[in-house]
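So you can see what is in the structure, the chains are spelled out below.
Protein chains: 4
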Amino acid sequence: MAGNTFGTLFRLTTFGESHGKAIGGVLDGCPSGLELDLEAIQNDLDRRKPGQSAIVTQRKEPDTVEFYSGIFEGKTTGTPIGFAIHNTDQKSKDYSHIKDSYRPSHADYVYDQKYGFRDYRGGGRSSARETASRVVAGGIAKQVLATLKINAFVSQVGEITLQKEYKELDLTLTESNPVRCPDPETAAKMEEYIKDIKKEGDTVGGVITCVAQNVPVGLGEPVFDKLHAELGKAMLSINAVKGFEFGSGFEGVKMRGSEHNDQFNKDGSTKTNYSGGIQGGISNGMDIYFNVAFKPVATVLQAYDTIDKDGNEVKAQGKGRHDPCVVPRAVPIVEAMTALVLADFFLLNRTVKL
Amino acid sequence: MAGNTFGTLFRLTTFGESHGKAIGGVLDGCPSGLELDLEAIQNDLDRRKPGQSAIVTQRKEPDTVEFYSGIFEGKTTGTPIGFAIHNTDQKSKDYSHIKDSYRPSHADYVYDQKYGFRDYRGGGRSSARETASRVVAGGIAKQVLATLKINAFVSQVGEITLQKEYKELDLTLTESNPVRCPDPETAAKMEEYIKDIKKEGDTVGGVITCVAQNVPVGLGEPVFDKLHAELGKAMLSINAVKGFEFGSGFEGVKMRGSEHNDQFNKDGSTKTNYSGGIQGGISNGMDIYFNVAFKPVATVLQAYDTIDKDGNEVKAQGKGRHDPCVVPRAVPIVEAMTALVLADFFLLNRTVKL
Amino acid sequence: MAGNTFGTLFRLTTFGESHGKAIGGVLDGCPSGLELDLEAIQNDLDRRKPGQSAIVTQRKEPDTVEFYSGIFEGKTTGTPIGFAIHNTDQKSKDYSHIKDSYRPSHADYVYDQKYGFRDYRGGGRSSARETASRVVAGGIAKQVLATLKINAFVSQVGEITLQKEYKELDLTLTESNPVRCPDPETAAKMEEYIKDIKKEGDTVGGVITCVAQNVPVGLGEPVFDKLHAELGKAMLSINAVKGFEFGSGFEGVKMRGSEHNDQFNKDGSTKTNYSGGIQGGISNGMDIYFNVAFKPVATVLQAYDTIDKDGNEVKAQGKGRHDPCVVPRAVPIVEAMTALVLADFFLLNRTVKL
Amino acid sequence: MAGNTFGTLFRLTTFGESHGKAIGGVLDGCPSGLELDLEAIQNDLDRRKPGQSAIVTQRKEPDTVEFYSGIFEGKTTGTPIGFAIHNTDQKSKDYSHIKDSYRPSHADYVYDQKYGFRDYRGGGRSSARETASRVVAGGIAKQVLATLKINAFVSQVGEITLQKEYKELDLTLTESNPVRCPDPETAAKMEEYIKDIKKEGDTVGGVITCVAQNVPVGLGEPVFDKLHAELGKAMLSINAVKGFEFGSGFEGVKMRGSEHNDQFNKDGSTKTNYSGGIQGGISNGMDIYFNVAFKPVATVLQAYDTIDKDGNEVKAQGKGRHDPCVVPRAVPIVEAMTALVLADFFLLNRTVKL
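Residue numbers (our numbering), protein chains in the order written: chain A, 1 to 354; chain B, 1 to 354; chain C, 1 to 354; chain D, 1 to 354.
Worth flagging that the hints you see were computed from the coordinates, not collected in a lab. Just so you know, not all the hints are guaranteed correct.
In this list, chains with the same sequence are indistinguishable; a pair is considered to hold if it fits within one copy or across any two.
Claimed, not checked - List time: in silico BS3-like cross-link candidates among lysine-lysine, alpha-carbon distance up to 27 Å:
#, residue 1, residue 2
1, 75, 149
2, 309, 99
3, 164, 254
4, 309, 266
5, 266, 167
6, 60, 319
7, 271, 315
8, 266, 319
9, 254, 167
10, 353, 99
11, 254, 195
12, 149, 353
13, 99, 266
14, 353, 266
15, 319, 149
16, 353, 309
Next comes chain A alone, as it looks inside the complex:
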């Protein structure tokens, strides 16, 4: 239970440091007989990879996944799917400056305290590079859930907020711009803003909204493993995430029960959806939607004061190729984690009735 495994039946275990030989994982419990679209998986990896546009880090990591097992004649066999992404661009020199001092609001200090020492190259295990493995497994989960639609998009960058609800948006436009905001006008403003931030060597936070549609009724296991509790854990486990809300979320606090309650239609669907598609921890067939808050990336390309291992004050300078804002690349990660949660509950739900 050392923390590198996610899921119960559809279960991913990942390994790998930012600048080690390879990252990768084992996906256990994927049902047999699934004809895998490997291109779709690689496509999700490409949406996450560095260097894809001017507003993300310019590192060059092709992030090509190699599958080792669990697939035969193009189909999953029901045995564990082992995979690896080999590191090719290991510019370790870029990170020599972090060997001897702690970067503020990174995991350097706590890793040293917890484990006694750390692989400091590129952040080691604490690097968001690990999430590439999640995108691979999530890509498979999406195919297990072929009838579902899972769409994440950027709904806020810094102070710039998308003023429309997801129902008013054409989510097919998400990939039409480098920010991954489906409203082209807002996307343009966000892109401009990120570029400005980048010029200053600074960073800014953002919010990703995710919508899961066509979800069958019944997913989620009360009482601790409520569907939204697992979704929340999944999102909060992504690097830089600071908050999660679903349905009416923090705003719903202000409402009265009489207006917040979702009245039923005759078919069991509801007239409103403040519940966000989940009631009592179980999906009710309505759209599931939630927001995920990302803090500004901690690595700023500026000089700063900090301490070294022995508590001495030292001066340091942020350098390297980093994201000024993490949300555009985090969109496929949010989708992947959503798919992992839903696939797990989808399988669990097969065991509930006699």
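The hints should help you fit chains B, C and D onto chain A, whose structure is shown.
Just chains B, C and D now, kept in the frame of chain A:
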């Protein structure tokens, strides 16, 4: 993995329906040799129980816990602690109206869909009554973590928001008023507001803030079981919760990295604490603080339209003794779940170094 | 993971000490909609309980199970089934002699070493009394697996061995004698032998054979959770068990592959069944059969030398009401654990194919 | 929980098919700061690998392990250790004959039934090749447990039984002969016997005995996760294993309690050790010893009748390079699984006392 177990090493499994014979649980993995203060546990139960003030449900449930095992001569033995809270006030008649129709924004509909039928009495397993078992186990967890301070309090009711940060507050005042808001002036407004809402037969949401202090550095397991990810799951598993944020949370999104980064002092503490005491998923020794959003209680004492099991439209009327606002009674639940998460990571952290 | 939970989806957690207030458990993951035959469960408890015949302990423990949750209108609801068996005959005085010294080949010494102290009354948690909770849960598992036949019986007591294979026996005769050996002639010898042993204040070991029939093809999860590996763990977790073998077992070691291989019939069944119904860790539809070895009960009613907590040599005397041979009462326990394993894999197997 | 993970805190997940691209695994929860002796690990792999002597399969698989993560500057970092063994000698043609028919007493039939189809090349996931990953992880576990001695050896091949107890043997002689029996005279007989069997194209079973010494008191978690229950599961999860017994085992059944009980010395050690170093599921500091029964290898190089997927009777012929007796190569596997179990309980035991 049917969802009624929480934790890895310090592990709670609960059982029980609102109007069954008893609710209760088994706490496994509690270290041996802990001298238990049973009064403190009962005290937390009393903070959660119905009927304690004019602004909560007037149901009468003494909620007296009986311990069956795992304690000998006043101390924990290291074996599982079994316990039960017997139900005494089973006014089943109050709930006969929900047998044949679905209450909006309750779990009635999804339970029927998922399991084929449901124990409809008082909401059955989906009732927040289950959380009493969590308070028992959390009370033990608090004693395992005797050097830590875990304080939750109400920071918002409807539109009324506590305008001070937790550091400006005297948290010992939390219990001085029925709302459990440590700012007496704000508390008075909230109390008034809840009373008004109650008169209308309506309900309203709220926010609970929780602060954990004196937490040792090193708790939390990357990458999936980050400390805040487990805290988030723990909170989201509480009935009526719609959102979770820690540290700078959703507001932090708007900040620049250069201002959001927490600069180090020489002793490893930080000058600011936007990180909320957690970096890279691991506690860094600073105060952990987070907000939990609760929706308005779904049961309103008003007439409403809904459907029955067969999809027929029916008229129904909310009745019974319910909370107009859930947050005052949820304060000890938030503390209990926080303690459960921290106790588990506290034990796990003993296994990390050679 | 403190060791008091068994199973993944169909999952039992037990609690309770021999002479505490109650023993019991929580069975989570039982599918909804099962009409429970509570008498059948109590009947299995009666087969395990003390005082049922002249060759078992004469303690009086009615072992009546009380269900707290998870059952509504006679059917399982899919929520956790909490239950307790209250202790009524707590003759604590019988055990005062073990408070200050360690009984040889009991768990007294290791519990003190592991936990720092122990509930010494009647062996506390290490008492086989705990297995009553397993019999309750196993009784439910049997009903989940209504089409399967699970029959255990005594096949050896000391040197007296049942010389017939299970196929030659009429297993309905197992309950016809107090030894629970389905061969009346052998049973009579065993009974006589146990009575002799008892007169001497001594004890003796035995073997239980278990046969599971009508098991569907496909149960068991490679590679670590092979069906026979879980069965083996389940059996070895029963008090006093020293060995487990299935199919050809230890004898099969001497065979050639050419004779040991089970040739197929056209329908996938096999002409022989040295495999014991399991190949590659997965049930193949043939009868599953295995042997479980029980050591002689450690409590002998004789004087013995031992040590106290401080390492001083002391003299002690076995007393109380104990079993001269444990296997007659262990038959329903073996069946219960078999049913728990099979029910878990039965549910898991629903999740394997797309 | 699809069965490819072993252990709770010290936890191995494996992947890979016999003739896929690679086999490997992820070892999570290995404590940080362990200086790894990689040669010792490769040495264990070499003890398991094919082609090492005349009495084992003549396949050529170098089985060189490549580590991807979790190790930095020669030491474990506390993060997951990912590793792979790439397949180099993929003679797929050898196995084309098994594509269309089921080999008796193999997993071919049950895999097809369970998963709908199978990777038939070399047995796919059901091949014992998977155990190489266990040997890697077990090699690390041995180093975590540096003060323990874990020695397995062959004690029976077919009818030839080692007539000495482990205490009479010089276990350093185990590696002095290809059979891995520490008694040279018996080893010579076993070797001759295996060669004869091999000439006939037949196979034979065997028994491995394992001894763990210097085990601290207190390992093992009652009640389900008894030390010997986990050891039993670990052993039974190894391919071809049919039985497990520890301490007095099946023979102990015949003894009286008065002779079987292990009397204490003043230091808590015992005068005899019928308990096999485990009482109440917890190690008592005495030597742990147990026997593991292996059936004859199912692949015989002879003609046989069988069925195909559609239930037609077909004739087939065993071919390829196979082991006539599996026990010599299984010795390091037994040691590895023993080390995995003990390392896990070693870490768990740190969490037991306050």
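The hints, checked one at a time:
Taking identical chains as interchangeable, the C-alpha atoms of residue 75 and residue 149 lie at most 27 Å apart only when both belong to the same chain, with a minimum of 22 Å there against 36 Å between chains. With identical chains, the CA atoms of residue 309 and residue 99 are at most 27 Å apart within one copy only, with a shortest distance of 9 Å there and 51 Å across copies. In this assembly of identical chains, the alpha carbons of residue 164 and residue 254 lie at most 27 Å apart whether taken from the same copy (20 Å) or from different copies (19 Å). Taking identical chains as interchangeable, the C-alpha atoms of residue 309 and residue 266 lie at most 27 Å apart only when they sit on different chains, with a minimum of 10 Å there against 64 Å within one chain.
Taking the shortest alpha-carbon separations for residue 266 and residue 167, only the intra-copy value of 22 Å comes in at or below 27 Å, while the best inter-copy value is 50 Å. In this homomeric assembly, residue 60 and residue 319 come within 27 Å of each other (Cα to Cα) only inside a single copy, at 16 Å, whereas the closest approach across copies is 49 Å. Proximity of residue 271 to residue 315 under the C-alpha cut-off of 27 Å is restricted to the inter-copy arrangement: shortest distance 16 Å between copies versus 58 Å within a copy. Proximity of residue 266 to residue 319 under the C-alpha cut-off of 27 Å is restricted to the inter-copy arrangement: shortest distance 23 Å between copies versus 59 Å within a copy.
Taking CA atoms no more than 27 Å apart as the test, residue 254 paired with residue 167 passes in both settings, with 22 Å inside one copy and 25 Å between copies. In this assembly of identical chains, the alpha carbons of residue 353 and residue 99 lie at most 27 Å apart only when taken from different copies (21 Å versus 55 Å within one copy). Taking CA atoms no more than 27 Å apart as the test, residue 254 paired with residue 195 passes between copies only; the shortest distance there is 15 Å, against 36 Å inside one copy. For the homomeric pair residue 149 and residue 353, the shortest alpha-carbon distances inside one copy (26 Å) and between copies (22 Å) are both at most 27 Å.
For the identical chains of this complex, residue 99 and residue 266 are inter-copy neighbours only, at 17 Å across copies versus 63 Å inside a copy, given an alpha-carbon limit of 27 Å. For a Cα distance limit of 27 Å, the shortest separation of residue 353 from residue 266 inside one copy, 24 Å, qualifies, whereas the shortest one across copies, 34 Å, does not. Taking the shortest Cα distances, residue 319 and residue 149 never come within 27 Å of each other, neither inside one copy (39 Å) nor across copies (39 Å). In this assembly of identical chains, residue 353 and residue 309 lie within 27 Å of each other by CA distance solely across copies; the values are 18 Å between and 56 Å within a copy.
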